[in-house]
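Visitor: Spelled out, the chains give:
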Amino acid sequence: MALTVKTFAAVSDALPALQAVGARYLGGGTLLVRRVNEGDISISTLVRVSGPSLSRIAVSDGRAIIGASATMAAVARHPDLAFLRPAAHAIGGPAVRNMATVGGNIFAPAPYGDFAVALLALDAAAEIAGKPITLADLIEHRKQNGGRIVTAVSLALPKPGAFRFVKITRVKPNGLAVLTIAAVIEERDGVVSAIRIALGNMADRPIRARAAEAALVGRPLTREGIGPALAVAGDGAAPADDAVASAWYRREVLPVHLGRLLLAKG
Amino acid sequence: MELRKSYFADERNDNLREIGAPRPRTDALAHVTGKTEFYADRSFPGMLHLKMVRSPHHHARIRSIDTSEAEKHPGVVRVLTAKDIPHNLYTVLILIQVGPEDEHVLAEDKVRWKGEAVVAVLAETERAAQEAVAKVKVVYEELPAVLDVMEALSPGAPIVNERHGQNYYHYDSGDSRKVFIGDVEAGFAAADHLLEQTYCSAPIEHAPTETTGCIAVPEGADRFTCYTNTQAMFFTLDNASIILQMPGHKLHMVGGTAGGAFGGKVDVTTEPIAILAAKLTGRPVSFAYSREEEMQISSPRAAERIVIKDGVMKDGRIIARKVACYVDAGAYSRHSPYGAQKAAAHFPGPYTVPNVLINAYCVYTNRTPSSAMRGFGVTIGDFALEVQMDKLARLVGMDPLEFRLINAYRDGDMKAHRQKAEGTALVECMQEASIFANWPIGERFKKMSSLKREA
Amino acid sequence: MAKVPVQFTLNGAEKAEFVDSGATLLTLLRTKAADMSVKGGCHQGACGACSVLIDGELRLSCLTLAEAYDGARIETLAGLAERGVLTVLQTAFADHAATQCGFCTPGMIMAAKALLDQNPQPTRNDVVEAISGNICRCTGYEPIIRAVLSAARANAVGAA
Amino acid sequence: MTIRHGRGVAAINYPTGMNLGGDPTQALVHATPTGSFMVTLSSVDVGQGLRQIMAQICAETIGVSTDQVTVDTADTDTGPHCMGTFASRGTHRAGNAVITAANEAKQVLLEVAAEELEVDATDLETDGHGNIQVKSAPSRSISIMDTALAAHFKHGRSISGRGMFLVPRSYPDTETGAMKPSTCYSHACTVADVEVDDETGEVTVLEIKNVFELGRALNPKIIEQQLTGGSWMGMSHALYETTEPYYPRRDHGGTDFNEYLMPGPGDLAKTDIVVLERPSGDGPYGAKGPGEMCANPQIPAIANAIFDAVGVRIDTIPITPERILRALKAAAAPAA
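The listed protein sequences derive, respectively, from chains A, B, C and D. Take 1 as the starting number for the first sequence in this note's numbering and just add one per residue. Take 1 as the starting number for the second sequence in this note's numbering and just add one per residue. Take 1 as the starting number for the third sequence in this note's numbering and just add one per residue. Take 1 as the starting number for the fourth sequence in this note's numbering and just add one per residue.
Among the hints, erroneous ones may be present.
[To be verified] Among chain D residues calculated to face chain A with C-beta under 10 angstroms, some are:
id, residue
1, Leu166
2, Gly253
3, Asp256
None of these hints come from the bench; they were simulated from the model. Note that beta-carbon positions come from the ideal geometry of N, C-alpha and C, so glycine has one too.
Please put together the full structure from these sequences, using the hints given.
Guide: Written out as C-alpha cells, the structure reads:
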C-alpha cells in the first residue's frame with residue numbers, strides 16, 4: 001500500500017497512530033526514509049510530531065536536557081555542550097548532522113549510533129511519557145520500544161576533561177565506525193576513582209565495558225596501570241563482521257584504541 | 001603538474017596553436033550551474049518504473065514463476081518474464097564475433113548468480129513496483145554453487161553455464177589464451193634464482209555517482225528513443241536490436257553524457273528490457289539501478305588470481321617468466337573473454353624477457369558477472385607484476401628501481417606477443433621518478449635510453 | 001493516492017505543488033518543480049548529490065519529506081548564479097578543475113556554499129569536513145578543496 | 001604504538017585501446033554558413049573531457065580557434081559509429097577520426113577560398129585566427145566566415161568531411177599467441193610514501209609522486225584533472241575497495257557509499273605529477289590513452305611501500321588494516 005505521513009502537534013496525539021501495522025515514528029529521517037527509498041514496503045505510515053518543543057536543549061544546574069528531535073548540529077553548536085561536540089561531529093557529514101536527531105541515534109542499528117555510545121557513557125536517561133528510563137535499559141530493550149516515543153534525554157554534565165570520545169573509521173573524516181569508545185573518567189589522588197566506558201560497534205548495540213571499568217578503578221592512567229583493563233576490554237563484547245571491519249579485527253584493535261584513549265592527555 | 005618538455009623534445013611538434021593549450025573545458029560552466037543534462041534529467045508524462053525480481057541464490061533451478069498476484073497489484077501495468085523477450089539470449093561481444101551467446105535478459109531455466117534478473121515489474125510508481133516485486137512467487141531448487149576459479153576448474157565442479165560446456169571460455173588456442181616466446185622451462189633451468197608467487201584481487205565496483213540507467217520512450221511509427229548513460233551508444237543499440245529482434249532504424253539512442261562510468265556502463269543491461277517494456281505498454285519506461293543494485297548487481301571488475309614464476313640471474317636479468325592468470329568472469333561472459341585476452345597480451349609487463357609463457361583463463365563461477373573496469377585486464381596484472389619485481393629485486397639484492405631499469409623494454413625489443421616494441425618511454429619515466437622522488441640510482445642507469453639498448 | 005499541498009520558495013520564487021504523501025523533497029524538486037540541478041545519486045543519504053539548502057541549512061533532499069517543509073525556503077544550485085553571472089564559488093569550481101563528470105557538482109557546491117555562508121575563511125580541515133558527506137568519484141577531492149579555499153580567498157579580496 | 005614509514009616504487013605501461021576485435025570510430029565535421037564548425041560523434045563523454053579535446057583537435061586541424069568548434073556527442077540518429085568510450089581509446093580513436101574529417105572539410109574550405117581569392121588552393125593556409133591567407137603573401141586573405149558564406153550561398157559547396165579511424169582486427173596466433181593488441185603504449189612510474197600503524201594495521205599514504213608518459217598532453221589542464229583523479233583511484237584500489245570483503249563468503253558487500261569504502265577527503269595523499277611526452281606514431285598529434293593507466297602504478301607502489309614499512313607482504317588487494325595486522329601477528333608468532 002502507498003506510503004502515508006501522519007503529522008501531529010503533540011506526542012500524546014501521535015501515540016495511537018503508532019499502534020497501526022507498518023507505522024514508524026519519524027525522527028530526522030536519515031535512516032527511516034532511506035529504508036523507504038530502498039523499498040522496505042513493511043513501512044507504510046510515517047508518524048511525525050511537528051513543533052519545536054522536542055528540539056529544545058536546556059542546560060542548568062549541572063544537567064543538560066536535550067530534546068529528542070534536537071539535531072547533531074544543534075548539539076554541536078550549543079555553547080554549554082562543547083564536550084559533546086566530538087560525538088555529535090562523528091555523525092555523518094554536515095547535511096546528515098542537520099537532520100539526524102539525538103532520539104533517532106538511540107535507535108540506530110550498528111554500525112550507526114555513535115552518539116548513543118556517548119550518551120551511554122554519560123549514563124544519560126531518556127524520557128518516555130514524562131518518565132525517565134536509563135539509556136542502558138532503553139538500549140537493552142530498544143527493539144521492543146514500538147509504540148512509545150522518546151521525548152528527551154537528560155544527563156549530568158561531566159567534570160571538565162572527564163569525557164573522552166573516539167570514533168575509529170577507515171574513511172576520514174566521517175566514515176562508518178570500526179568501533180567507537182566513549183568514557184567518563186574521574187580521577188582522585190592520581191588514580192581512577194570512577195569510570196564508565198561505552199563501546200560502539202562491539203555488539204549490535206552500544207554496550208558498557210564493565211570488566212575494563214572495574215579493572216581501572218584504583219589504578220593510575222599509565223601504560224602499566226591500564227594493562228589489566230585492556231586485557232579485558234572486550235569482555236562481553238559480541239562484535240559483528242560488516243563491510244568496514246570484521247569481528248576479529250574489532251576485538252584485536254579495541255584494546256589498542258582504548259589504551260590510546262585512556263593515555264591521551266585529558 | 002609539470003610537463004617536462006626536455007624528454008623526447010625532437011620527436012614533438014611544438015608549433016601548434018590549440019593542441020597543448022590548457023583551454024578551460026566548455027562543459028565546466030554547465031556542470032557548475034547544474035545545467036548539464038544527464039539521461040534522467042527529463043520528465044515524461046505517464047512514465048512507468050521498472051523494478052526487477054532478482055535471484056536470492058547463487059545457483060538454482062527455477063521450478064516455477066507465479067506473477068498473478070503481482071499483476072493484480074494496484075498500480076502495476078505489466079509484468080515481464082523470459083517468454084516476453086524476443087531473443088532472450090545474448091552476449092555483448094557477439095558484434096565482434098566473440099560468442100557464444102550465453103546470458104538471458106530474464107532468467108529462464110536457471111539462475112547462475114545471486115542477483116540475476118528473473119522478472120521485471122512495471123508500475124505507475126516506484127513504490128507500487130517494489131510492492132509487486134514482493135508478490136512475485138518464484139520457486140527455486142538450489143544447486144551447488146562454485147565461487148572460486150580454481151574450484152571451478154577442478155574435475156567434477158558443477159557446471160556454471162551450459163552454453164560453454166565447461167567452466168572456462170574456449171579460445172581458439174584452447175582452454176586459455178596462450179602466448180609464448182622462447183623456452184620458459186629452459187630459462188628456469190638456466191636461472192640463478194626462481195621465485196613463484198600468487199597474487200589475488202577482490203572484485204570492485206565502479207561506483208559512479210550516477211547509477212546505470214535509461215528511459216525508453218515510444219516515438220510512434222514503432223520507433224523508440226532511449227535516453228541512456230551507456231559508454232557505448234552503438235554497442236547498446238546493436239545489442240538491443242538483436243535482443244528485441246527489431247531493425248536498428250527503429251532504435252534511437254540519446255546520451256553522450258555520463259555521471260561517471262569507469263567501465264561500468266559498457267554492459268547492455270537496462271536498455272533492451274526498458275525498450276521492450278515501452279513497446280509493450282506504449283508508455284515511457286524508466287529503469288534506473290538503485291544504489292544497492294549499482295553496488296552489488298552491476299558487473300564489478302573481475303576478481304583475478306595470478307601466479308607468476310620467474311627465473312632471474314644474479315646480475316638482475318629476468319630470463320624466464322611464466323604467468324597463469326585466472327580471470328573470474330562470474331556466471332556470464334560479458335566482456336571477460338576479451339579482458340583475459342588483454343591480460344595475455346599485457347604480460348610479462350613492460351620488461352624484455354627472452355623466455356615467456358602466458359596462459360590467461362576466463363573462468364566461469366557463480367559470482368556476479370564481471371566486466372570492463374578502468375584498467376580492464378591490466379590493472380591487477382600490474383599489481384602482481386610490480387610486487388613481484390620488488391620481491392625479485394630484494395632476492396638478488398638490488399635497488400628496486402635499478403632492477404627495473406635493467407629489465408625495462410626498449411625500442412626494437414621483441415615482446416612476448418611477437419611485436420617489436422616502439423615508442424617506449426619506461427626508462428625515462430623511471431629516471432625522472434628517481435629525480436622527482438629523490439630515489440637515487442647509479443650513473444649507468446641515468447645514461448640508459450628507451451631509444452636503444454646500451455652496449 | 002493522497003495528495004498533499006506544499007508551498008515553498010525555490011531560489012526566491014514562490015511555488016505551490018501537490019505531492020504524494022511521503023514524497024521526498026528530491027522528488028518534488030525534480031518532478032514537480034523541474035529543478036534538475038538536484039541529483040539523485042543514492043537515495044540513501046550517503047552521496048550528497050541531492051544536497052540543498054533549506055532555510056539556509058544544508059540538507060539531503062532525498063531523505064527529506066516534502067510535506068514537512070511547507071513554507072520553507074529552498075535553495076539549489078540552479079538558483080546560485082544571478083542573471084547568468086556565476087558566483088565566485090562556481091567560477092572557482094570551473095577554474096580549479098573541481099568538476100569532471102559533473103554529477104556530484106551540484107551537491108558539492110551547495111555543501112561548499114553552506115560552509116562559506118557560515119565560515120567565510122575556512123581552513124583546509126574545515127573544507128574537508130564540509131564536503132565529507134559528498135562523494136566524488138572522478139577528481140580525487142583535492143581540486144575541490146582547492147576550489148573552495150580559492151573561492152574563500154577571492155571573496156575576502158572582493159569584500160576588502 | 002609504532003608508526004613505521006615505508007617507500008615503494010612501481011613502473012607500468014598501458015595499451016591505448018585494444019584492437020583484438022577491430023576498433024573503429026567515425027566522425028563528421030561540417031561548417032555552418034558563418035564559418036563555425038560542428039563535430040558530430042557518437043562517442044561518450046564520461047567526465048574525462050572528450051568534447052573539449054575533440055574541439056581542440058578539430059580546431060588545430062582546420063586552423064581555427066577552439067571556441068569556434070562545437071562537439072555533439074552521442075545521438076545515434078546523427079552521430080556516426082563509435083565503439084565507445086572505454087579501453088583508453090576515446091582520444092586516440094575519435095581524435096584520429098576527427099582529424100581525417102576536419103582535413104576533408106578544410107580541403108573544401110581552401111578550395112572555396114581559392115576560388116574567392118583566385119589562387120590555387122595548395123597555396124593557401126589557415127592562420128589560426130579565423131582567416132585563410134596566401135602562404136607567400138599573408139596580406140591576401142579571406143575570413144573563414146566569408147569563405148563559409150560564399151560556399152553556402154554562392155558556390156553551393158558543403159564544407160564538410162568524413163572521418164574514419166580503424167585499427168584493423170588482430171587475430172592472435174593460436175599456437176604462439178603472436179598478435180598486435182595495440183599500436184601505442186603509455187608509461188608510468190610512481191613512488192609512494194606510507195606510514196603503517198603496526199598495532200592496528202592502518203595505512204596512511206603520505207605522498208604519491210607520479211611520472212606519466214602519455215604521448216602528448218593535448219590539453220594539460222584536462223590531463224592534470226584526469227591524472228589527479230586517477231591517482232586517487234589507484235590509492236583507493238590498493239587499500240579500500242572490494243564488493244566482497246569476506247570472500248569466499250559473499251555477505252557484507254557494501255550497498256552504499258558508507259559501506260563501500262574509498263578514501264575520503266581526509267585521506268588524501270600529497271600528490272605530485274610530472275608528465276613526459278613521447279608522441280605516438282599514430283595518435284592524434286601524438287596522443288596516447290591516459291585514462292586507465294593513471295590509476296594503476298599506485299597500487300603496487302603502495303603495496304611495496306607497506307612491505308618496506310613493516311616487512312610483511314600482502315599479495316591480495318585491497319590491502320586492508322586487517323590483512324596487515326594478521327600478517328604482522330603471523331610474522332611475530334613463534335614458528336610452529
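Visitor: Does each hint fit the structure? Answer for all of them.
Guide: So, going through the hints one by one against the coordinates:
{"no.": "1", "hint": "Leu166", "result": "violated (44 angstroms)"}
{"no.": "2", "hint": "Gly253", "result": "holds (7 angstroms)"}
{"no.": "3", "hint": "Asp256", "result": "holds (9 angstroms)"}
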